[in-house]
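*Asks:* Residues per chain are reported as follows:
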Amino acid sequence: MSLLVTPPEIETPMPSYLESGHTVRSWLLTLDHKRIGLLYMAAITFFFTIAAIAAALMRIELLTPQGDLVTSDMYNRLFTVHGVLMVWFFLIPSIPSALGNFVIPMMIGARDVAFPRLNLFSWYLFMAGGLLALYSILGGGVDTGWTFYTPYSSTYSNSHVMAMAVGVFIAGFSSIATGLNFIVTIHKLRAPGMTWSRLPLFLWSLYATSLILVLATPVLAITLVLITLERVFGVGIFDPKLGGDPLLFQHLFWFYSHPAVYIMILPGMGVVSETMAVFSRKPVFGYRVVAASSLAIAILGFLVWGHHMFVSGQSVYAGVVFSLLSFLVAVPSAIKVFSWTATLYRGQISFETPLIYSLGFIGLFTIGGLTGLFLAALPVDVHVHDTYFVVAHFHYIMVGGMVLAYMGGVHYWWPKISGRLYHEWTARIAAIITFIGFNLTFFPQFVLGYLGMPRRYHMYPEQFQTLNVLSTAGASILGVGYALPLFYLGWSFFYGRKAGPNPWGATGLEWQTASPAPEHNFETTPVVTTGPYAYPEGNDMP
Amino acid sequence: MNFTRLPFAFFLPERASTIAPRVDGIFLGLLVASAVLVALLIALNLTFLIRYRRGSPAKRGPIKISTWKLETGWISATTFGFLGFFYWSSRVYLDEERPPAGAYEINVTGRQWMWDVRHPNGRREFDTLHVPRGRDVRLLLSSEDVIHSFYLPSFRIKQDVVPGRMLSLWFNASKEGTYPLFCAEYCGTKHSQMTGQVVVLSPEAYATWLGAGTAPEGVLVHGRQLFIKYNCAGCHDQPSQIHAPPLQNLYGAMVPLADKSFVRADEVYLHDSILLPNKQVVAGYAPIMPSYQGVISEGDLLEIIRYLKALAQQPASTSTSSLP
Amino acid sequence: MSDILLEPPPSPFVDAKQHSEANHLGMWVFLATEILFFGGLFSAYTVYRWSTPEAFAQGSGHLEYWIGTVNTAVLLTSSLFVALADLAVKRDDRRWVTLHLAAAWLLGALFLALKAYEYNQKYLDHLVPGPNFDPHGGAPQVQLFMFLYFAMTGLHAVHMLFGLGALLWLLWLNHRGRVSSHRADAVAVVGLYWHFVDCVWIFLYPLLYLVAR
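Protein sequences appear in the order of chains A, U and G.
Going by this note's numbering, the letters in the first sequence line up with residues 1 to 542, in that order.
Going by this note's numbering, the letters in the second sequence line up with residues 1 to 324, in that order.
Going by this note's numbering, the letters in the third sequence line up with residues 1 to 213, in that order.
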């Protein structure tokens, strides 16, 4: 029932990218987009681990209503570290900088991205930012929350805000460089015959993501500069005692951070589109509309930031406008979910791990997205803003959506990355464990939120304990689901069965070349003559 | 639509305000719609996954119905469905947003890490808010330091408390009892301990409670004491050498400014005039009023504003200096 | 294996024309990010000017009008020279490329020198935001204006420094004979950046210097 094809021996004069140099220097000074993708993958796995440990400590603390594991101060630093590292040092670079760097040039039939040196530089920027963040953490951390609201962060907090803010600032330039590189690459380096309407949907998603990366991140950068200057000079830019306005910070921050959440989901949607097509052996239903939806999400995403500020003191009428736009921005996402479902219709479906992750994505992202409608409804938001309802909402999208898609993408492109196959049944079980653990962790949090439990609470009233215990139990299962791939993927890198060029029988230019990928991707530049999901008529197996 | 008889469920907190049923109505409406949609998607997906698994005998091949109609159909249905919820929720929000006239006003100041509540007669309490059942209550909120948020889950209301701004929140408590009060905007180390309760009493019990506090003075007496304490009287009392605008009929009036514009003297204007007096200078006066930033606490500031409001409601013949 | 970074990378481009187009597109995308970057400061400026107009008028009055005006002329002329350099490249006239680029560089340096003088004056007058700030009898929000003045012109000056570095690099490239009408894009692309920095100044000048006039 599986798609594996016995790999014929391929004579290729080009060494694989893994063999073109074995020294540390050949990795740290590489200009190969594939190696840079792996450098990013290693880095984000490291930061994910630290952030996950912080989450584990928080969930253990929350088993009991009292604050008995850590001090309040420590707890506040834990949730800040968790948020900062997960958002800026894991989720935002995950699919774009790790998988995207690896896959994009191959997918469009190019040798590399447009600006390889800029690409390597972007990784060093990321590492520099990460080092500063680590320095801040080791020095005691930050206790402002990842949202850095003023005047607490700019005037009152006694923690290492500046180092963390500057670290994120530098990492932001890594995002901008990556986005710029992708935009130029997709515009200019497509293989002959690959018109815009033949572009795989993963590339449409990453293109839309790159637009957000380059246009939104600079606003975050300047906002972090302003906080830093406020802490150093105390001029009152956000301090009401000197005529400043704390709400100005919120507008500037959310103008970036709302589009940022679309950076943290669009690439995942791209992976889902690819895997739904491959494992149904059918084109994605409604290709044009799905591509247009990616752009619509990117554009509309810039217009809804005020929904984070419904109770902040902004005008009532501004609230209504932002509410309307927030309801509308959900429409293109819904369209994608319907299109993916329709892709399964009359397909030839096989249940490899990437598909399992994608199906998980569809279910959990749908729930997360629907709860976004609850938050867009003004009276409901007034009640659940800053409660665990919001925490559950964004974890459903960022973990249930993006992380599952990232895992699906890693598994899908694993043969191209490593030249090996992972053990399919182990991987399926890990995916299912993750799905179960995730739901048990975060579904109770919707209930907690509507019941009134605020977020960022170190201690809580006793009536909330049962649901918290359920959530922590789920987290321990989720942890197992996260840890397993580290082991079996790592094992397969060295001992797994060798994969051929196209173990999934997929269309797509990256599968028309050897596994692991050759150093310069293609022997000769491919020429594209069909659309992106040209599976044979009648959906027969090859 | 009357939502007061909405069902209860384990995932809903108590409903103790007049707005709570309307909020729960929208929540339950969205919940039902979401559940239907999720059930539909699960059913479709499961059906397709089983029916069209690799090698199954089900029919494959191109679809006969027009895909454009299908897509237009689900795009329109989604858009109109979402807009319907937008309309419903915004209607409720706009209806309930403005406090009714004549609401009973209580001042609340948030500071790290406690709530400072002052009732109109001067009675003061901390981390607790006593209110009468069935009466429109308006809270005037300000912060001494960072952003906090005043959250009453049983009433389904919340308002951020922002330093430098005067914000307000209103409710009508429909059920007697004691309900939780939480700070809902992260504000530092003891954010999770900045909690308390709201106690809803019958109107008679509330009146008794109000009168039982230490030295219950009237608003005018208590406010006049503050007016003198902070030396507002030094310039603003009538027979004064220093040229300062009279205040007894100020609240609610249209004030001519030095830049030839006009502004209505509401709470925000009064708040800003005391803390940032040079921001809007009254026409015909020199900008010599000192700023009270850092001199007056937010709590006392709210009390002075309450005093000035009460002054404006006095009969016109009373002048400031003749008050006890 | 020899040093990968110093060797020219295996080019992902098919030909020089594609490379040139990619460079141009890259620079335009980068300039779009710069608009958003400065945009945050322009937003803060707009918000505070709307809420405290007199403080902004007072603050602006403390600035030396003549320095701002001279600097505007200097920067506009510098941009002119960069445009002339680009024309010289298209004529393959290496000598005039050098002369025009050098003139542009000198004017840019003059701009920064005048700015340094201006900042120093502000420091002596206690107009630098911070503990030593003296509002000179104006509203406390004059400090906010001065903060935005330093932040916006400071950010602009940082961009000027990068631009001066880029102009030096162009001079060096030209000296090595690597600028030609076949590979014209280095001067054109850096020129785009320089013109952008000039445009930002054209917005800063009236917003900062001409508030009270």
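Each hint should be verified, as a subset may be incorrect.
What the hints assert, rightly or not - From the structure, some residues in chain A lie toward chain G, with a derived Cβ separation under 7 Å:
hint	residue
1	A110
2	M162
3	V166
4	H187
5	R190
6	I222
7	L248
8	G496
9	R497
As the list claims (entries may be wrong) - List of simulated lysine to aspartate or glutamate pairs, EDC-like, C-alpha gap at most 20 Å:
hint	chain 1	residue 1	chain 2	residue 2
10	A	K241	U	D272
11	A	K241	U	E267
12	U	K260	U	D272
13	U	K175	U	E144
14	A	K241	G	D125
15	A	K241	U	D127
16	A	K241	U	D136
17	U	K190	A	E61
18	U	K190	A	D68
19	G	K115	G	D125
20	U	K190	U	D127
21	A	K498	G	D134
22	U	K260	G	E54
23	U	K309	U	D266
24	U	K190	A	D73
25	U	K190	U	D266
26	A	K498	U	D272
27	U	K190	A	E424
Hint data in this document are derived by calculation from the structure and do not stem from the laboratory.
Where is the CB? At the ideal position from N, CA and C, for every residue including glycine.
*Asks:* Give a verdict on every hint.
*Replies:* Quick rundown of the hints versus the structure:
no.	hint	verdict
1	A110	holds (5 Å)
2	M162	violated (16 Å)
3	V166	violated (15 Å)
4	H187	holds (6 Å)
5	R190	violated (11 Å)
6	I222	holds (3 Å)
7	L248	holds (6 Å)
8	G496	violated (27 Å)
9	R497	violated (30 Å)
10	A/K241 <-> U/D272	holds (11 Å)
11	A/K241 <-> U/E267	holds (18 Å)
12	U/K260 <-> U/D272	holds (19 Å)
13	U/K175 <-> U/E144	violated (31 Å)
14	A/K241 <-> G/D125	violated (24 Å)
15	A/K241 <-> U/D127	violated (25 Å)
16	A/K241 <-> U/D136	violated (32 Å)
17	U/K190 <-> A/E61	holds (16 Å)
18	U/K190 <-> A/D68	holds (14 Å)
19	G/K115 <-> G/D125	holds (15 Å)
20	U/K190 <-> U/D127	holds (14 Å)
21	A/K498 <-> G/D134	violated (73 Å)
22	U/K260 <-> G/E54	holds (13 Å)
23	U/K309 <-> U/D266	holds (9 Å)
24	U/K190 <-> A/D73	holds (8 Å)
25	U/K190 <-> U/D266	violated (34 Å)
26	A/K498 <-> U/D272	violated (73 Å)
27	U/K190 <-> A/E424	violated (48 Å)
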